Structure formats: C-alpha cells, structure tokens
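**Student:** Single-letter residue listing:
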Amino acid sequence: MLRSSLADIKTVQLVTFFGNDVITERRRHMAKTIMWEKELEKVLVRAQAENRMVLLDFFNPL
Amino acid sequence: MGAVTYPNERVVEFIEKNMIPIQVLFDSQPLAAKFNIQWTPTVITLDEEGKEHHRTIGFLSPEEFIPSLMIGVAKSHFDREKFGKALEMLEKILKDYPKSDTAPEAVYMRGVALYKNTHQASHLKDAYKRLQGEYPSSEWTKRAQPYRLL
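Going down the list, the protein sequences come from chains A and B.
According to the numbering used here, the first sequence holds residues 1 to 62 in order.
According to the numbering used here, the second sequence holds residues 1 to 150 in order.
Incorrect hints may have been included.
[To be verified] Below, computed lysine-lysine pairings styled on DSS-like, alpha-carbon distance capped at 30 Å:
| # | chain 1 | residue 1 | chain 2 | residue 2 |
| --- | --- | --- | --- | --- |
| 1 | A | 32 | B | 95 |
| 2 | A | 42 | B | 85 |
| 3 | B | 51 | A | 38 |
| 4 | B | 51 | B | 17 |
| 5 | B | 125 | B | 85 |
| 6 | B | 17 | B | 92 |
| 7 | B | 82 | A | 38 |
In case anyone wonders, no lab produced these hints; they're calculated from the structure.
Everything numeric in this text was worked out from a predicted model, so none of it was measured.
Hey, can you work out the whole structure from these sequences and the hints?
**Tutor:** See below:
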C-alpha cells in the first residue's frame, strides 16, 4: 500500500526558453512512498486476504 | 536502504504491486529472535503463512533489490510446487534484470523448475549450458556443473 503525505510533496521548478523569454513554472509533485506496516500478525491476515507475499525488513535507524 | 533504495520509484511500484511491506527494528522481539537476526539490514520474503523463503543481508541498490525481491517471490511459489508461477517470475528477472547478481540464480532455478514441471532432465543440462555461457564465474554455474553429465 502506498500513501502520500505533505512531507512527500515536492516543488519542481521548470524553466522553458522561448526565444528571449524565460518561462518559469512551478509544479507540485506528489512522490509515492512505501507505507510500512508494523505488526506481522495483521500483515499475514492481509497477505492471505490479498494473496500477496510479505517483505519483512529488519532495520537499524542509526 | 532508506535513503536510496526504498524511495526509488520502481522499487515502490514493485512492492505496491506484489508485496505487503513491514518494517521493524532489528532488535524487535519476538521477531528478531524468531528470524535469528544478526545483521542489518536484513530483508526477508515470507509467504502468506509467514514462512521464510528468501533473505538478503546488507545494502542493495534498486537495480539489485528488485530482482532480489522477485526471486524471493519465485522461491515462495517454487517451494510450494507452484512451478508455473515461479517460472513467470524467473523469466521476468532474466528479461528485465539479466545483468543483476540475481540473474544466475534465476537461470539455475528456472532449470530446476522446468525439470520438476516436466520431468525432462534436458532442462537441467540446458541451465548449466546457459550459466556457463552467460555467467561463467557465478557460484550457480559451479552448483550446476553436475548437470553437464546428464
């Protein structure tokens, strides 16, 4: 499952040249991120219901 | 992984389509003990019952991480004798990531899956020939050496 949050919103500045004119356009880009689950029991219930494999990541935040 | 690989768009898309992601601290109990976690990052592929089929340790770039996840999914099918589904994923690894570190293992597994599916030993010999031709220095080529005698 994916989600987008305010933290994921990036502003992209596009600069286009038309002759001697420079047009600057700002677009807001919504980046997708992985929405990590935290409890394996709940994940396995979902995995069975959705017939999907599970990616289990053990990480060290340091 | 969190800075480079997990934000990658192709990684996000693959996980969204194929897997349910769960992330826990390396010392989170009882999971760390259950899965005997000694190193980080450790990424494990589980089936729907929670059974482990594949694991990787250490950083992988997006170009290596996606085929690694793919072979985890393939092994999950293979181990439960769903050889058709395993072959689909293995073929996709070889088509999309032929230069990845996972590719030689995919060739090996493909040969074994085809053999188990058809009981024709020629698939094993073909796997060895392909490994010898395309990945001569791979450990999987060495493992497949006995198949040359078939």
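**Student:** Please name the hints from earlier in the document that this structure breaks, with their numbers sorted from lowest to highest.
**Tutor:** none
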